[in-house]
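Asker: What follows is the residue order along each chain.
Number of protein chains: 2
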Amino acid sequence: MRQRQFNLSQTEIPTQWYNVCADLKNPMPPLSPATGKPCKPEELAEVFPEAVIEQEMSTERWIDIPDEVRSKLAMWRPAPLCRATFLEQALGTPAKIYYKYEGASPVGSHKVNTAVAQAYYNHKEGTKRIATETGAGQWGSAISMACAAYGIDCTVYMVRCSYKQKPYRRSLVHLYGAEIYPSPSDRTEFGRKILEKDPACEGSLGMAIGEAMEDTLAHKDVKYALGSVLNHVVLHQTVIGLEAKKQLELAGDYPDVVIACVGGGSNFGGIAMPFMADKFAGKNIRFTAVEPAVCPTITEGEYKYDFGDTAKLTPMMKMYSLGSDFVPPPDYAGGLRYHGMSPIISELVNENMIDAVALKSIDVFAAAEMFARTEGIVPAPESAHAICEAINEAKRAKEEGKEETILFCLSGHGFIDLGAYDSYFAMTGRGEKA
Amino acid sequence: MRQRQFNLSQTEIPTQWYNVCADLKNPMPPLSPATGKPCKPEELAEVFPEAVIEQEMSTERWIDIPDEVRSKLAMWRPAPLCRATFLEQALGTPAKIYYKYEGASPVGSHKVNTAVAQAYYNHKEGTKRIATETGAGQWGSAISMACAAYGIDCTVYMVRCSYKQKPYRRSLVHLYGAEIYPSPSDRTEFGRKILEKDPACEGSLGMAIGEAMEDTLAHKDVKYALGSVLNHVVLHQTVIGLEAKKQLELAGDYPDVVIACVGGGSNFGGIAMPFMADKFAGKNIRFTAVEPAVCPTITEGEYKYDFGDTAKLTPMMKMYSLGSDFVPPPDYAGGLRYHGMSPIISELVNENMIDAVALKSIDVFAAAEMFARTEGIVPAPESAHAICEAINEAKRAKEEGKEETILFCLSGHGFIDLGAYDSYFAMTGRGEKA
Numbered sequence: 045m046r047q048r049q050f051n052l053s054q055t056e057i058p059t060q061w062y063n064v065c066a067d068l069k070n071p072m073p074p075l076s077p078a079t080g081k082p083c084k085p086e087e088l089a090e091v092f093p094e095a096v097i098e099q100e101m102s103t104e105r106w107i108d109i110p111d112e113v114r115s116k117l118a119m120w121r122p123a124p125l126c127r128a129t130f131l132e133q134a135l136g137t138p139a140k141i142y143y144k145y146e147g148a149s150p151v152g153s154h155k156v157n158t159a160v161a162q163a164y165y166n167h168k169e170g171t172k173r174i175a176t177e178t179g180a181g182q183w184g185s186a187i188s189m190a191c192a193a194y195g196i197d198c199t200v201y202m203v204r205c206s207y208k209q210k211p212y213r214r215s216l217v218h219l220y221g222a223e224i225y226p227s228p229s230d231r232t233e234f235g236r237k238i239l240e241k242d243p244a245c246e247g248s249l250g251m252a253i254g255e256a257m258e259d260t261l262a263h264k265d266v267k268y269a270l271g272s273v274l275n276h277v278v279l280h281q282t283v284i285g286l287e288a289k290k291q292l293e294l295a296g297d298y299p300d301v302v303i304a305c306v307g308g309g310s311n312f313g314g315i316a317m318p319f320m321a322d323k324f325a326g327k328n329i330r331f332t333a334v335e336p337a338v339c340p341t342i343t344e345g346e347y348k349y350d351f352g353d354t355a356k357l358t359p360m361m362k363m364y365s366l367g368s369d370f371v372p373p374p375d376y377a378g379g380l381r382y383h384g385m386s387p388i389i390s391e392l393v394n395e396n397m398i399d400a401v402a403l404k405s406i407d408v409f410a411a412a413e414m415f416a417r418t419e420g421i422v423p424a425p426e427s428a429h430a431i432c433e434a435i436n437e438a439k440r441a442k443e444e445g446k447e448e449t450i451l452f453c454l455s456g457h458g459f460i461d462l463g464a465y466d467s468y469f470a471m472t473g474r475g476e477k478a
Numbered sequence: 045m046r047q048r049q050f051n052l053s054q055t056e057i058p059t060q061w062y063n064v065c066a067d068l069k070n071p072m073p074p075l076s077p078a079t080g081k082p083c084k085p086e087e088l089a090e091v092f093p094e095a096v097i098e099q100e101m102s103t104e105r106w107i108d109i110p111d112e113v114r115s116k117l118a119m120w121r122p123a124p125l126c127r128a129t130f131l132e133q134a135l136g137t138p139a140k141i142y143y144k145y146e147g148a149s150p151v152g153s154h155k156v157n158t159a160v161a162q163a164y165y166n167h168k169e170g171t172k173r174i175a176t177e178t179g180a181g182q183w184g185s186a187i188s189m190a191c192a193a194y195g196i197d198c199t200v201y202m203v204r205c206s207y208k209q210k211p212y213r214r215s216l217v218h219l220y221g222a223e224i225y226p227s228p229s230d231r232t233e234f235g236r237k238i239l240e241k242d243p244a245c246e247g248s249l250g251m252a253i254g255e256a257m258e259d260t261l262a263h264k265d266v267k268y269a270l271g272s273v274l275n276h277v278v279l280h281q282t283v284i285g286l287e288a289k290k291q292l293e294l295a296g297d298y299p300d301v302v303i304a305c306v307g308g309g310s311n312f313g314g315i316a317m318p319f320m321a322d323k324f325a326g327k328n329i330r331f332t333a334v335e336p337a338v339c340p341t342i343t344e345g346e347y348k349y350d351f352g353d354t355a356k357l358t359p360m361m362k363m364y365s366l367g368s369d370f371v372p373p374p375d376y377a378g379g380l381r382y383h384g385m386s387p388i389i390s391e392l393v394n395e396n397m398i399d400a401v402a403l404k405s406i407d408v409f410a411a412a413e414m415f416a417r418t419e420g421i422v423p424a425p426e427s428a429h430a431i432c433e434a435i436n437e438a439k440r441a442k443e444e445g446k447e448e449t450i451l452f453c454l455s456g457h458g459f460i461d462l463g464a465y466d467s468y469f470a471m472t473g474r475g476e477k478a
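First to last, the sequence lines map onto chains A and B. For reference, each letter of the first sequence is one residue, going 45 to 478 in this note's numbering. For reference, each letter of the second sequence is one residue, going 45 to 478 in this note's numbering.
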C-alpha cells in the first residue's frame with residue numbers, strides 16, 4: 045500500500061504565524077480615505093479590534109498564535125497533505141502532485157483558519173456583534189461558526205446572486221445562529237441607494253463590503269471582519285503552508301511549484317508565504333496564482349491605490365485592481381469574483397516573485413470532474429482553478445519528461461456548490477435527463 | 045491546548061476485517077425465495093461476485109483486507125477520532141464524549157468503506173456494471189465513486205421522494221459518472237407495475253432494491269451491490285471500530301457505551317462489532333442502536349424471516365422487520381427508512397447484547413444544532429440520531445455524577461442535507477425571513 049497522506053499530530057499545529065511583511069522589499073501602507081495619507085492605527089479602531097490592527101501593521105516576522113486559538117484550530121487541524129496518486133496515474137505523468145486539503149474543516153474551507161482568530165480577538169476585546177460580507181458564502185459560514193464558538197452575534201451581507209443560487213450556504217449560516225441578508229439590502233443607506241437606482245441589482249463583493257462597513261460604523265460594540273485581502277488574514281492563513289512544509293518533509297519532498305487560486309488572495313498567501321521565505325533565501329521555487337478569466341485581477345488589472353469596496357469606505361490599498369466599481373459577469377466561481385487583490389500578493393507579483401494565470405470555467409470544471417473521478421473529492425469550483433493549473437503543470441512535466449513536484453492548495457470541497465456542476469453538465473450537453 | 049483528535053498513521057489502517065459471525069451464538073442463514081431452504085452460494089452467484097458471497101457466508105473470525113482495497117481506503121483513512129470537548133463544556137457533563145468521524149471521506153459518509161471493497165471484488169471478477177438502489181443518496185454516491193475508481197459502469201435507482209428533495213445527491217452521482225433514475229421507474233417491470241397502480245408513488249428503499257435486483261437478474265455481466273444490512277457490508281465497516289479502539293487506547297480511554305444510528309445497521313455494526321468482541325469476552329460495555337420514531341424497526345418490529353425488498357426477489361433474512369411492504373412516512377432522516385435490519389444486529393438484539401431506542405426528529409435536529417454550534421461540524425440528519433442519544437447519555441451521567449466514556453459514530457456530514465435543516469427551522473418558527 046502506497047502512503048497517500050502525510051499527517052502531523054495535534055502538538056504540531058504551528059505555534060506562530062509567519063508574517064511575510066517582515067521580508068517584503070517595498071510594503072505599501074494603506075491610505076486613509078479621509079486624508080489620503082497612510083492610515084494611523086486609531087483610524088481603524090472603529091472597524092477592527094486592536095490586536096488585529098496591530099497584526100495588520102506588524103513587520104515582526106513571527107507572531108505567536110494564542111493557545112485558545114490553537115485549541116479551536118485543533119477542531120480540524122493539522123489538515124491533511126495528500127499525494128494525488130490516482131490523478132497522477134490517470135495523467136501518466138512523472139510529476140508528483142501533492143495537495144493540502146483545507147476542505148476537511150467543519151465549514152469545508154480554509155476560511156475558518158482566520159475566522160477563529162478574528163473571533164477570538166473580538167471576543168477578548170468585548171465585541172458584541174460582527175458585521176461582514178460574503179460572496180459565494182464560504183467566508184460567511186466560517187465567521188458564523190467562529191462567532192458561535194465565542195458567543196458573538198453575527199450579521200452577514202451575502203451578494204444577492206449567490207444568496208439566490210446557493211440556498212444551502214444560507215442554511216449553514218442560519219444553523220450557526222447568524223443573521224444573513226441578500227446584498228444590496230434595505231438595511232443600509234448604501235444598499236438602499238443602489239436598490240433605488242437598480243431594484244434588480246445582483247450585487248457584488250465590493251457592495252456587500254460597503255454595507256457591512258456602514259453597519260459597523262453606525263453601531264457601537266460592532267466590529268467588521270474581512271475574510272481575505274488584508275495582511276492579518278494572509279498571516280492567519282500561513283498555518284496552511286507551515287504545516288504543508290513539515291508534511292512534505294515527512295514525504296521526503298520539496299515543491300518545484302506552489303499553486304493556489306486567488307480571489308482576494310488568502311488561501312494562496314496561506315500556502316505560499318512559508319515557501320516564499322525560502323525563495324527570499326535564494327531557493328529555486330515558483331509560485332502560480334490562478335484566477336478566473338472573467339475576473340482577471342492580476343493578469344489584466346492595474347497595480348494602483350484603490351478602495352476595497354464600492355462604497356469607498358475602506359482605506360485605499362496598493363493592489364492589483366479592476367476598479368472598485370467592477371461588477372464581474374455571473375460565473376460559477378463565486379468566491380473569486382473580487383475586483384482587488386491582497387496588497388501582499390500584489391507587491392510580490394510586482395517584485396516578480398509570483399506568476400499569475402487566468403483560466404476559463406469550462407477547463408476548470410473539466411479538471412474538477414477528472415479530480416473527483418480519480419481522487420474522489422468534489423472540489424469547490426474556486427479550488428478547481430488550482431487543480432486545473434496543477435494538471436497543466438503535470439502535463440507539461442510529462443511532455444518534458446521531468447519529475448517535478450507540484451503542490452497545490454485544495455482550499456475547499458464543493459458539496460454546497462453542486463448546483464454549479466449541474467450548470468457545467470448542462471453546458472457540456474450532459475444535463476439531467478430524467 | 046487540549047488534544048482533541050487521536051489520529052493513526054496510514055500504516056495503521058486495519059489489515060483484517062473482524063467477522064462477528066464467528067462469535068454469534070445463533071446465526072440464522074438466509075433462505076432462498078425459491079425453495080424456502082437455506083440459500084446455497086450458487087443461488088447468489090447471479091447477484092454478487094464470488095468473493096463477496098464467500099464473505100457473506102463466512103464464519104472465519106478475521107478476513108484479510110486486500111492491499112488494493114487498503115490503497116483505496118487510504119484516500120481518507122484512518123478516519124479521525126475526536127473528543128467533543130466543546131460539546132462537553134456546553135453540557136457541563138463529567139462524561140467524556142468521543143466521536144469517530146466518517147464524514148471526512150470523499151463522499152461524506154462511511155458508506156464508501158464497503159463500496160470500494162465491493163467494487164474491487166466486482167472489478168476482479170469482470171463485472172461490467174453494478175446496479176443498486178439508494179435512499180437518501182449516501183450509498184448511491186459512495187458506490188458511484190467506487191465504480192469510477194475501478195472503471196465499472198453504475199446504475200442507481202434512487203427513492204423518488206429523495207430524488208426530488210436532494211438534487212445535489214443526484215449531481216454528485218452524476219459527477220462520478222453513474223446514471224441515476226428516480227424509483228419507481230419505467231426501466232423495470234416491477235417499477236412500471238407500481239407506477240401503473242400509483243403514478244404519484246414516492247417510492248421506498250424496498251421498491252428501489254426490487255428494481256435494482258430486476259435490472260441485475262435481467263442482464264449478464266451486471267451485478268448488484270447493497271450498502272447495508274448484509275453480513276459482508278457489516279464486515280467491511282468494521283474498519284471503523286477497529287480504528288476507534290486503537291485511537292481510544294491513544295487517548296487512554298475505553299467506552300462505557302457505544303452509540304450509532306441504525307437504518308440497515310452498517311455504521312452501527314461497523315463501530316460496535318470490534319467492541320462487541322470484548323463483550324463476548326466478558327467486558328462490561330453497553331451498545332445503543334438509535335432509530336427514528338417514524339421507522340422503529342427494532343423497537344416495534346418483529347423478529348422473523350422477511351424479504352429485503354418489496355418485489356420479494358431477495359433471499360429471506362431473519363431480522364427485525366416492519367414488513368417488506370412497509371412504506372415509512374416522509375421524514376428527514378432519509379437514510380434510516382428501511383423496513384428491515386441487519387441480521388447480525390437483529391440476532392445480537394435478540395441475544396440482549398444491544399439496546400435500541402427510537403427518537404423523534406425534532407429532538408434529533410435540536411441535538412444536531414447544538415452539535416454544529418459547539419463542535420462546528422454539520423451532521424447528517426441520520427448521524428444526528430447518534431448525537432442526540434450521546435447527549436442524553438451525557439446528561440444522565442451529569443445527573444448521576446458519573447464520569448462515563450461515551451463513543452458514538454458520526455457517520456456522515458450534512459452539507460447535502462441542509463434542506464432538511466431548513467424544514468426544521470420552519471418547524472420551530474425560525475424559517476427564512478428575507
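Everything labelled a hint here was simulated from the structure, so no lab data went into it. One or more of the hints may lead you astray.
No copy is singled out in the list; a pair is fine if it fits within one copy or between any two copies.
Unchecked claim - List time: in silico SDA-like cross-link candidates among lysine to any residue, alpha-carbon distance up to 25 Å:
| id | residue 1 | residue 2 |
| --- | --- | --- |
| 1 | LYS168 | PHE130 |
| 2 | LYS84 | GLY221 |
| 3 | LYS442 | ASP399 |
| 4 | LYS446 | ASP230 |
| 5 | LYS208 | GLY221 |
| 6 | LYS290 | THR55 |
| 7 | LYS439 | GLY221 |
| 8 | LYS442 | PRO243 |
| 9 | LYS69 | GLY80 |
| 10 | LYS172 | MET414 |
| 11 | LYS241 | LEU357 |
| 12 | LYS289 | GLU56 |
| 13 | LYS327 | ASP111 |
| 14 | LYS168 | ARG417 |
| 15 | LYS81 | ASP230 |
| 16 | LYS172 | GLY475 |
| 17 | LYS289 | GLU132 |
Bear in mind the structure is a predicted one, so any value in this text is a computation, not a measurement.
Asker: For this structure, which hints from the list above don't hold up?
Answerer: 2, 4, 8, 13 and 15
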